[in-house]
Amino acid sequence: MTSRQLGKEALSAFLPNFNNISESEKIYVNFDDIDVFSPSWGDEFLTALYRKFGDRLILKKSSNASVNASVEMLEEANSIKFNIE
Amino acid sequence: MINDKLKINEAANYLGISIDTLRRWDDKGKLKSLRASQGDHRYYSLSQLEEFLTSSCVSLVLKWTRDNIGAEPNDIFYCSDSSVFQGRLYKLRKALSGNKEIESFFSLLISVVGEIGDNSFGHNLGNWPDVIGIFFAYDIKKKVIVLADRGRGIFKTLKRVKPELQNDEEALKVAFTEILSGRAPESRGNGLKYVKSIIEKNPLSLFFQSGEAELNLSQNISALKIKKAKQPIQGCLAIIRF
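Chains as they are written, first to last, in this note's numbering: chain Y, 1 to 85; chain Z, 86 to 327.
Some clues are possibly wrong.
[What the hints assert, rightly or not] Distance ranges between label pairs, derived from CB positions:
1) Z:D125 - Y:S63: 52 to 60 Å
2) Z:E263 - Y:K52: 47 to 55 Å
3) Y:A10 - Z:A156: 31 to 39 Å
4) Z:I102 - Y:K81: 39 to 47 Å
5) Z:I306 - Y:D35: 42 to 50 Å
6) Z:K310 - Y:R56: 38 to 46 Å
7) Y:E23 - Z:S307: 42 to 50 Å
8) Y:S79 - Z:V169: 33 to 41 Å
The hints are simulated quantities; they were obtained by calculation from the structure and are not laboratory data.
Glycine included, C-beta positions come from ideal geometry on N, C-alpha and C.
Isolated chain Y, as found in the complex:
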């Protein structure tokens, strides 16, 4: 998960899953088993999901240093605050 292009492709592949989601449903992102994460991949995927779902997007807490550093960078670069729990 270290390329902007791959993040873009992942989002395109994933978006159809949200076609039938109700407006009250939340979307949880679980980072378990992620080895390496980067801001460019995250910007294409997580920031796009945030723009679409806002606070309904919930990032599960992660112990992976690259996930946490990337999420912090995305928040700063985009002036947003992810819902993390």
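Since chain Y is already given, all that's left is putting chain Z on it; use the hints.
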């Protein structure tokens, strides 16, 4: 090639040097040939040549970025497109995985390498001045990773979204410190800001050059000291030590 061994002319061709240089290196012990006795033909194994190149990756990347005329680097370092780079980044990840010395910052190191390499492709897509793609090499024994491109460089790239920039030094400062949003027409993030934030909090160091400007970053030093490089380069060069 006979039994995975290269003749001296094949080895010279592989390394991009002359046969005389290779003979000289053999005599001096810099790169010993494989031969049973003095009178025998000189042969070299492919793995021996690859190891030699890897151990010389810093000097090779410097030469590659400083040359006036661009040429594709040796195949073992050359990532012609982003997918080749991603594949080799995965190999680096596998090679460093489980290394206890770097366990605490392993994922950060790989993400930094990924951001720098991805930036090169993102910034130069469709606009490469000569060689398309990047030079990517690492020597795990020496704990060094190098990435370089012969692209447009930070100044030309950022000037499109920040026309007031005057030179490489100003551009490098902006790239490493300022959050830029809405960088139309290019969809790019703030990769070098991320790189800086990781380097200054971990036992890593970075030398970065673009055009005529260079900087050094290391742990616990957040002040950015950018200076004019002795020798300008085309594109960007990053040397990471861990």
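*Take a look at whether the Cβ-Cβ distance between D125 (chain Z) and S63 (chain Y) falls inside 52 to 60 Å.*
Holds - the Cβ-Cβ distance for D125 (chain Z) and S63 (chain Y), about 58 Å, lies within 52 to 60 Å.
*At the C-beta level, are A10 (chain Y) and A156 (chain Z) separated by a distance inside 31 to 39 Å?*
35 Å, holds
*Evaluate the given range 39 to 47 Å for the C-beta pair formed by I102 (chain Z) and K81 (chain Y).*
56 Å, violated
_S79 (chain Y) versus V169 (chain Z) beta-carbon gap, inside 33 to 41 Å or not_ = 35 Å, holds
_Outcome of range test on Cβ distance (E263 (chain Z), K52 (chain Y); 47 to 55 Å)_ = With a Cβ separation near 27 Å, E263 (chain Z) and K52 (chain Y) fall outside 47 to 55 Å, so the hint is violated.
*asked:* Looking only at beta-carbon atoms, does the pair K310 (chain Z), R56 (chain Y) fall within the given range of 38 to 46 Å?
replied: 44 Å, holds
*Can you let me know if the beta-carbon spacing of E23 (chain Y) and S307 (chain Z) is within 42 to 50 Å?*
44 Å, holds
*Kindly confirm whether 42 to 50 Å is satisfied by the beta carbon distance between I306 (chain Z) and D35 (chain Y).*
For D35 (chain Y) against I306 (chain Z), whose Cβ atoms are near 29 Å apart, the range 42 to 50 Å is violated.
The structure fails to meet hints 2, 4, 5 from the earlier list, while all remaining hints are met.
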